[in-house]
Amino acid sequence: MWRYIGHRLMLAVPTLLAVSLITFLLGYFAPGSPLDIMAGQHADPEIRRRLAHEYGLDQPSWVQYGRFLWGALHGNLGRSFMNSGRPVTAIIAEQFPVTAELACMALGLAILVGIPLGVAAALSRNGLLDRVTMGGVLLLISLPAFVLAPVLTVVFCLKWRLLPTMGWEGPTSAILPVVVLAARPMALLARFMRSSTLEVIRQDYVRTAYAKGLSPRAVVLRHVMRNAFIPVLTVIGNSFGYLLSGSFVVETIFSVPGIGYASVDSILKRDYPVIQGVALLVATLFILVNLVVDLLYSLMDPRIRYREVA
Amino acid sequence: MNAASTGAWKGLLRNPITLAAGAVVVLLVFTAIFAPVLAPYTYDAQDREHVLSAPGPRHKLGTDHLGEDVLSRILYGARVSLTVGLVVEAIELVIGVSLGVLAGYKGGLWDTVLMRVTDAMFAFPDLLFAILLVGIWRPASPAGSFLVVFIALALVNWPGMARLVRGQVLSLRQKEFVEAARAVGAGDWAIVTRHLLPNMLSPIIVAVTVDIANVILAEATLSFLGIGIQPPFPSWGRMINDARPYLLSHPFLIVWPSVALGATVLAFNFLGDGLRDALDPRLRE
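Chains as they are written, first to last, in the working numbering: chain A, 1 to 310; chain B, 1 to 285.
What the hints contain is simulated information worked out from the structure, not anything from laboratory work.
Where a beta carbon is used, it is the ideal one built from N, C-alpha and C, also for glycine.
Hints are supplied without guarantee of correctness; some may be wrong.
Claimed, not checked - Ranges of calculated distance between the beta carbons of each label pair, as one might list FRET restraints: (1) B:171 x A:162: 49 to 57 Å; (2) A:234 x B:106: 27 to 35 Å; (3) B:232 x A:57: 55 to 63 Å; (4) A:269 x B:55: 31 to 39 Å; (5) B:252 x A:161: 18 to 26 Å; (6) B:251 x A:57: 43 to 51 Å; (7) A:211 x B:251: 51 to 59 Å; (8) A:161 x B:49: 30 to 38 Å; (9) A:211 x B:252: 56 to 64 Å; (10) B:151 x A:230: 48 to 56 Å; (11) B:232 x A:230: 45 to 53 Å; (12) A:76 x B:151: 38 to 46 Å; (13) B:14 x A:234: 28 to 36 Å.
Please model the complete structure; the sequences and the hints are all you need to start from.
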């Protein structure tokens, strides 16, 4: 087991390096000089020179990348071009918790609804529940958050006046953003759980469980769901990526003061260090989450472990 | 091969939902091609006298905050969505198939490099990477925004196609008919084009269909955030964002582009699902 964990951790290192390089290059090759953004195009050459020196922009590209990487390893992601040069880590520290909260609640909702729904659909294969669920799944996958959000806003906020339309104060303000963000992962989980369950109920051990007189309830809970859930773990890892990038859209719609909202704002203002910092953070988190998912996967299904290391 | 494809067609035609989805796609292509004929106005004609007007005889679906005819913009919007979907898929296919074949067939260094590069690309959530690319390479002109969106979405999507093709090549390479072709002296090029590619057509077709849905959705999302296709070109995502302030006073403004986008993406998704069932003989009863 430890050997497998070490093996996987070592594989993550080159990926993280590549991610940092891609993030750096995004900013490096961006059109227009950062100096134009900070000081304006017609600024005094002396001011430009000073700013260039202050932000290290007068160094060759590989030195800049080295500094970027070294800084990132030490928890320093540079300083914003705006906000009077606030450190990027301070901006992230302030706004990321909101996004994390939103994403975790959405993931929880998606799992709680999606998994049972997928199992129920599989058990009533081709029945009414199955057809309705699968139709709903395709509908939710096809409707983006920014279509779902206005519909729910009109119904719950403007017609019935049950929920606030925007902001992030108090538990009621979280309901709509969480539901909208959870919709797609919920649909995907239901779909994969369904096909995974269909796969499992054909297995011999399920027939054996029935044959030894176990109640259908016990068979489903103890044998079917547990085994069907294993491959679905990967989908949960992938959903995490969607939750983080989906928060860009959902936070913009509902004015939730999280990292997505801040990033879209930074993108519109060309505040590259903030964009790079967020990209690096999200990609790193995504890699780590998938690593954890893979490890859990191998814990639950020992066959994986032996195959990959051998 | 022939019997199999007849069976696939029969399976496809038996499923009413797939048929309906196919019909919507055909309708969409038709609309995109004949938008100038079908639309009562051009997409950027501003009727200053009738800003935010309700649906009526003059403007069948009303006008937006600039006095632009909503029906015309929806119809031209099909052209924008479909163009983005098809161009991005074409680029993705060229890159994905060639790199996937190289990695799967040649193996060695090609394979290692491809796998590491795609690993790094997969580390960024799709949409995030597209937002980053488009946000940083903000286009200088409305027409330039198409190019930026094409490149960004193709860059984001090719790794998936490359992995799919690589996997197919790896499994087909072992098959007896490839062995046989090599035994009778077929060259690499002939083996790839005559034996490998034709046999992986089904999964590629399914992947492309579903990818088109995702690409159209991604374009709408970028445009919704204000960094995708730039006005005056009509993007459904942009129209939805522009309509948000008028949600209660002029709900139709947000309804029509949402319906158009939802129906389009749904149709490609259903079609992809139907094709998967029809082309994968293991799923057929």
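(request) State the violated hints by number, sorted upward, taking the hints as numbered earlier in the document. (result) Hints 3, 10, 12 are the ones this structure does not satisfy, whereas the remaining hints hold.
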